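Trainee: This is what each chain is made of:
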Amino acid sequence: MTGNIIFYISVAGMLVGTIGMTLSRNIIKKILSLGIVETSINTLYTGISSRKSIIPPIVNGDFSIAYADPVPQAVIITGIVISFALLCLSLVFAIIIYNKYHTMDIGTIESNFEREKE
Amino acid sequence: MIFTIFLPVLGGIICLILRERRRLCAGVALFATIINGSFLPFNLFEEFGMNLGNWGELGIRLTMDDLAIPFMLSTFLVMLAITLNSLRKNYDGFFYSLILIMYGTLNSIFLSRDLFNVFVTVELVSIISFILISYEKKGRQAWASLKYLLLSSLGLNFFLLGIGLVYMETGSFAMEGLNHVSSIASVLIFGGLAVKSGLFLFSMWLPDAHSNAPVEVSPILSGLVVKIDVYLSIRFVQYESFGWLKDEFVYIGIFSAIAGIILAVNSKDAKRLLAYSTISQVGFMMVTCDKASSWHGFSHAVFKTLLFLVVGNVSTRLGTKEYRDWSGRITRIEYLFLLVGSLAISGFPMTSGCVTKEVIMHDACCPWLKVLMMLSSVGTAMIFSKFIFLKPSKETGSLPIGTLAAYSILSVAIIVHGIVGFEIYMFESLLMIAAGVGLYFLYRKFMRPLPVFFERIDNSLAIYLIMFLFSIGFVIFST
Chain X
0 MTGNIIFYIS VAGMLVGTIG MTLSRNIIKK ILSLGIVETS INTLYTGISS RKSIIPPIVN
60 GDFSIAYADP VPQAVIITGI VISFALLCLS LVFAIIIYNK YHTMDIGTIE SNFEREKE
Chain Y
1326 MIFTIFLPVL GGIICLILRE RRRLCAGVAL FATIINGSFL PFNLFEEFGM NLGNWGELGI
1386 RLTMDDLAIP FMLSTFLVML AITLNSLRKN YDGFFYSLIL IMYGTLNSIF LSRDLFNVFV
1446 TVELVSIISF ILISYEKKGR QAWASLKYLL LSSLGLNFFL LGIGLVYMET GSFAMEGLNH
1506 VSSIASVLIF GGLAVKSGLF LFSMWLPDAH SNAPVEVSPI LSGLVVKIDV YLSIRFVQYE
1566 SFGWLKDEFV YIGIFSAIAG IILAVNSKDA KRLLAYSTIS QVGFMMVTCD KASSWHGFSH
1626 AVFKTLLFLV VGNVSTRLGT KEYRDWSGRI TRIEYLFLLV GSLAISGFPM TSGCVTKEVI
1686 MHDACCPWLK VLMMLSSVGT AMIFSKFIFL KPSKETGSLP IGTLAAYSIL SVAIIVHGIV
1746 GFEIYMFESL LMIAAGVGLY FLYRKFMRPL PVFFERIDNS LAIYLIMFLF SIGFVIFST
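Just so you know, the protein sequences line up as chains X and Y, in that order. Throughout the first sequence, residue numbering follows my numbering, covering 0 to 117 in sequence. Throughout the second sequence, residue numbering follows my numbering, covering 1326 to 1804 in sequence.
Hints are supplied without guarantee of correctness; some may be wrong.
Result set (SDA-like, lysine to any residue): computed pairs, CA atoms no more than 20 Å apart in a straight line [stated by the list, open to error]:
id, chain 1, residue 1, chain 2, residue 2
1, Y, Lys1463, X, Glu109
2, X, Lys51, X, Thr1
3, X, Lys99, Y, Arg1781
4, Y, Lys1462, X, Ile94
5, X, Lys51, X, Ala67
6, Y, Lys1462, X, Ile95
7, Y, Lys1616, Y, Leu1694
To be clear, the hints were calculated from the coordinates, so they are not data collected in a lab. Computed from a predicted structure; not experimentally measured.
Here chain X stands alone, though its shape is the one from the complex (with noise of 0.2 Å):
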């Protein structure tokens, strides 16, 4: 049950915002999008995990009780160290971006290589 809503919260999440990354003009916009796509799918994997119980997996002698599975959450924690070091270097690239054309506006620093070619 848990499990269910947090996958379809996640997913709805994950669309938000691609949306968002595609609409928006605005660099850090972007790069926020990608935060929560990142943010869903995070969380999605404890809805997976989450599916059978949602009592926490740790050993106390009972077997009997049903576990919320550890695998799905042990592996996402690397998925959300990868997803932090890429919004620090995404944040970085966009620092370099800003103080060399002094915009963070998508449309005037495209358009401004496309002069700089001809």
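Fit chain Y to the given chain X structure using the hints.
Mentor: Below, chain Y without anything else, positioned relative to chain X:
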């Protein structure tokens, strides 16, 4: 076996610690690459499998098989050539450590049989390649990196959703589970990785990133990073849930092969031309998507590395990327290696390009496909006539010893592969080259760079999502 993954990473850590001692770091990088390469002959031809850790089936499975051989060989050759070429450039230890960590990670992708491990290693390679593209910190490079980063991480999030579905359905991240998963999981996995593949319309970040990257980085991107998805697609097609993918690749692949040629023929910038040619060659590999295409991946990595290194070095020396300005200024020895690379990629007999290309064309399923593939081969000859008919200057010229060694190793690999695999029916490729050269002289007056409409960030994102929806529709209609 595990040694081929950890030795380069260890070398990378040593380089990171000693980052101020530049000569020493270059030595460590060269040493680690050569040691790793000298163990390859023992590793490549044994069947091998192990589970890491004490968790049985939950552990990460590493297996060596036929499919991984060409990719591991090409990784070694490309990394060796790049390290040799970079010796005189005074890069610091950080550069070498990134390259070495990337080497180990790529080997790990080609051995791993665990979907989540594939995700982590692909992301690691991507992060390293973003840093490497903008290594010189120019504005244009940072922009290319950012574009690549946004597209690639969006795609890999879809991939992560796909493997989450695989885990829900089978209870494990092992690749064997792909035999019986729903088609929505398989389309998410394919669509997520396709953004890194270099197929036309799926990955329009590619021309900017490949043409603006530093000299030593473009070969890595074109020869190795793009090959990750080629390798994974060839691997996944063997599983039952991906049966539809082979049919889709026939259309996407041939479309990409032709479109890449149209863009490349009209381009004036030499590095951009090579980037568009990568799009075309990846499409060519994807058409059949079997073992023959993995060997074309190997030969493409080798000759594209040679071409990117020569073109990069020449354009740094002369200060211009426009190939027309090189005429009469490029020295004879540079022209010789440029000629070897161009002939190999157009499929001249006795070079590696001819062998692998002709095998792929020979396996084509139906006549119309064969005609289109011949057309794309003619087009490739047409593109590289631009380099073949450059006029070299009178002087022989001289190269730094490392650069010369890198060029020679790659040329020897091209020619040895070409002679070993040659069969008599392959002389028909001479016809296609002749047709391509003829068309080049006819069309030469009308070449104008095409608009870069699809390469703007918004359009490339939108067109990627549209192609993703197209794949989903294709799956629904074919099953």
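Trainee: Flag every earlier hint the structure violates by its number, smallest first.
Mentor: Checked against the structure, no hint fails, so every one of them is satisfied.
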